[in-house]
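As you go down the protein sequences, you meet chains W and G in turn.
Counting along the first sequence from 1, when you hit position 43 you're at 43 in the numbering used here, and nothing is skipped either side.
Counting along the second sequence from 1, when you hit position 59 you're at 59 in the numbering used here, and nothing is skipped either side.
I should point out that these hints are in silico values taken from the structure, not numbers from a laboratory.
Wrong hints could be hidden among the right ones.
Listed below are the simulated DMTMM-like cross-link pairs for lysine to aspartate or glutamate, each with C-alpha atoms no more than 20 Å apart in a straight line [to be verified]:
(1) 7(W) / 63(W)
(2) 6(G) / 138(W)
(3) 7(W) / 53(G)
(4) 59(G) / 47(G)
(5) 7(W) / 47(G)
According to the in silico footprint, chain G covers these stretches of chain W (three or more CB under 8 Å from chain G) [unchecked claim]:
(6) 62-75
(7) 116-127
Glycine included, every Cβ here is placed at the ideal spot set by N, Cα and C.
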Amino acid sequence: MKDRKPKNVFRQGAISSEFIGESIAKHQTKTSIGAHNIFLGQVRADKINDKEVVAIEYTAYEDMANAKFHEIREATFEQFELTCMHIYHSIGTVKAGEICLFVFVSSPHRKVVFEALEYIVEEIKAHVPVFGKEIFEDESHQWKVNN
Amino acid sequence: MNISIKYFGLIAEITQCAHETLIFSESSLNELLAQLYIKYPRLKEKEFQVAQDQELISKETVLTGKELALLPPFAGG
């Protein structure tokens, strides 16, 4: 089902495995679906100059970011035959090892979900104004940049 | 005109504020940036894009008075 209203994609803090599990369970009633595909972005404990990243604090230009997420949704539905699509991104602090991005696509058949998921994640990384402050063990920080 | 400007991430660390309103009489983004570089010299070394009314704009774009935002490199996902 296509949802044409802009949504708030942001969730405070980490995205829990319970939330992800419940999202999957909710699709059991949608029996035209034959394939789901899920991307989970996890905060990596990068070592930079001998200091380890313990968390990322996410901020965003939220109005523009939600508008961009909506554009990405619309463009994805135009290009791929999806039954539904869900995107959630963390705002605030997410510890290393926790989930900060959850993208969930569903379709009657498998091929389209692989392509659609990659497209969505790459579009998010390139075009959504989200900023990440990488916090080290000693409470110093640096700003993350997507490559 | 009054222009409302939002700052994010690394840029907000330099400006020491998340939001301010500037009085501005010129026309293009280039001219506004020249004014900001005087106020915040460290901005010159930093990479950022500018959005007007939530759309990215070039330096030649004429400012309309709608909200501006200085956006450092994106790090979503």
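**Item:** Which numbered hints fail
**Value:** Those not satisfied are hints 2, 5.
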